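Q: Below, each chain spelled out in residue letters.
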Amino acid sequence: MFKLRVKMEVLRELVDVVSTLVSEVKLSVSKDGLEAKAVDPSHVAMLVLKLQRSVFEEFTGEPTEIGVDVEKLKEVLRLSKPGDVLELQFDGKNRLVASVGRVTRQMAVVDPAGITDPKVPNVSPPALVTVKTEDVRQGIRGSESFTDHVTLTLDPEAFTMHSEGDTDRLDLRIPKETLARLDVKEPVKSMYPLDFFSAMVKSIASEEATLHVGNEYPLKIEFAMGMGRGEGRYLLAPRVEED
Amino acid sequence: MVSGGVEPPIPGLAPLPSLSWTVPGLREDPTLCLRCRSAQLLCGRPVCPILVKYRAFERTLPMVTGRELDGSSPPGLFVGRFGYPSIQAGPLLSPQHGSTELLDTPEEWVGRSVEEVVGFRTSLVRGTSRLRVTDAEKPDRYLESLQLLGLAAESVESEVEFRRPPRGHLSLSESSAPFGPSAPIEKVRLDVRRVDQNLERLSSDVHASARVAVGELYDRGVRVSRIQRAFSVGTLGRRGRRRLVPTRWSITAVDDLLSRANLEQVRELPHLGEIRLHALTALENRWLIVLLPGAYRYESIEAWYPNTLWNPNPTSLVLMGDHEGYDGRTTYASIGGCYYAARLATSEALLEQGRQAGVVVLREVHPGEILPLGVWNVREHVRAAVRGPYETLATTEELLARIARTFEIPLARWLKVSAHLHEYRTQRRLDAWAEPAPAT
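If you read the sequences in order, they're chains Y and E.
One point on numbering: in the working numbering, the residue at position 85 of the first sequence is 85, and numbering is uninterrupted.
Every position in the second sequence, counted from 1, becomes a number in the working numbering once 1000 is added.
No lab work stands behind these hints: they were computed from the structure.
Hints are supplied without guarantee of correctness; some may be wrong.
[Unchecked claim] Some, not all, of what chain Y presents toward chain E, calculated at C-beta under 7 Å:
1. Ser42
2. His43
3. Lys50
4. Ile115
5. Lys119
6. Val123
7. Pro125
8. Pro126
9. Leu128
10. Glu164
11. Gly214
12. Pro218
13. Pro238
None of these values were measured; they are calculated from a predicted model.
Cβ atoms here follow ideal geometry from the backbone N, Cα and C, with glycine treated the same way.
Put together the whole structure using the sequences plus the hints.
A: The following block contains the structure:
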């Protein structure tokens, strides 16, 4: 049982991130705030997010787990406009009630027992870079017409993203001087599926994100949510060269 | 590599000359004919040059003389697509009396030769009458009897008077099975004695949508060819929404609806943990159905030898495929109806095996295939393949070796086209980095 009041923009961030990987999600409400973990059906990508209770306009209730159909939350968002504060109330059993202005929308919840609880692997890539998400988005936009994978390279001088099709190629190079942060001891390089990478980067509302990269190793993307009072993390398994 | 010359599908007929490069645009785009399959006339010709070539088979047709035909309907019917929404629809009629059911039951054709299947079909005369697709809602007496024929449980004795003696050619299309000459109908009497109880019940249910009706019939074990027939003649769906549906479209519509429903269930199943393989060779086609570990996804690839039906190209192979991910697809598959037919057959296999998996259907079409037999060829042969036992393969390398051994076409060509095989070989899963499960 809980009652939350939350700015529309915060809920939209949550929905954008979650819907990148899954259509149903288990949300855990505790005294510290709200948490979600999810893995995509093919086990290639994962997400973990936390919103502190201070992000919310109101946050009352008992610790609960609730399964939600993400599409329904999107419908609720479509009823709201920027600046609105939405109210979400869960009766502890099977009904979630969302209120936006004069509209209340009731919806059935999903049994959280039926939603996979992902085991988050403990990956710690050796190198990291903090980039402007818009820069990476530009590189992705330029690649999507001719390839399905991207290669991320970090060396002590720069962050590079390159993508290659049969005949086409795109390179995005951002030198150390213009990066907020670049921690690299040895150069690292991994290839990732573009569809996931693209959806992940596009879902991030924050202006900056930190990419943790290794050699043929899962990618970890960390970013702020809820005006700095929350955090999100994506994991993405690498692609390897064909033998 | 490939031997020249094409065996005639019907004994006694001379082999057909190669069509070689007479299709405009084919030289620039070898997939042109495969993508079109006579449906869109992408080459810009007013009639499909490939089908015209097979008009030669007209000579083999038994001539039905006179304007009257006394016999039976398997039951079977055909709804044309030209002129939509004003189309030609009518019964398929055989001069034989008694049970002719086999002639329109593709489920029973597995294991038979091209000659046999063509033989079944050429004895069927198609009666036609022009109707509007919306007539399905308020059928006149003719359409009413046609709709009843669509629900029939057994062969139907028939007497027909045509406006002129049936003439014409063996009608061929990629999706439906071939049939013989046709003629407009003047008068018809179809003596339907017994209707299928399931079809009848869903036909009188005017609140069930076509999707629901088709699904319920399938769950009750009604054959796909029967469901499709009832669907095309406008006997299913909500009141006000019933239409005549061209046979070609109705086959794919039913395959699509049924596989979608099956896949809803498949996505709830546990992931397959090993590589499984089903194989079959039939009617000049070699089939491999690969089940890959992990979540559901699907791909269908066809490889056409030179000088095969939809690859009139004299020298080069054409490989073409389409695929979908876990969530399925919303656009029409580029390779057409076969994609959906094989998806239905493989979705049944996944349900049967109780696992979701990545499905890759590989089909190698050999030079003997020069007649389009219809999408049933794909559905029923893939069904036959997956009904048989599967082989379990331990490694990706073994899978690739097996593919290389089964097909004449080099492995590299398959790998270049297959999105899912490529993904499977190169994409790692996060499970590889998960903590090892505690020993229990």
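Q: Would you mind marking each hint as holding or not holding in the structure?
A: Results of checking the hints against the structure:
1. Ser42: holds, 5 Å
2. His43: With a closest approach of 4 Å, the Y:His43 hint holds.
3. Lys50: Interface hint status for Y:Lys50: violated (19 Å vs cutoff 7 Å).
4. Ile115: violated, 12 Å
5. Lys119: holds, 5 Å
6. Val123: Given a least distance of 5 Å, the restraint on Y:Val123 holds.
7. Pro125: Violated. Min distance 11 Å.
8. Pro126: violated, 14 Å
9. Leu128: violated, 17 Å
10. Glu164: violated, 14 Å
11. Gly214: violated, 10 Å
12. Pro218: holds, 6 Å
13. Pro238: holds, 5 Å
Comparing the model with each numbered hint stated earlier shows that hints 3, 4, 7, 8, 9, 10 and 11 do not hold.
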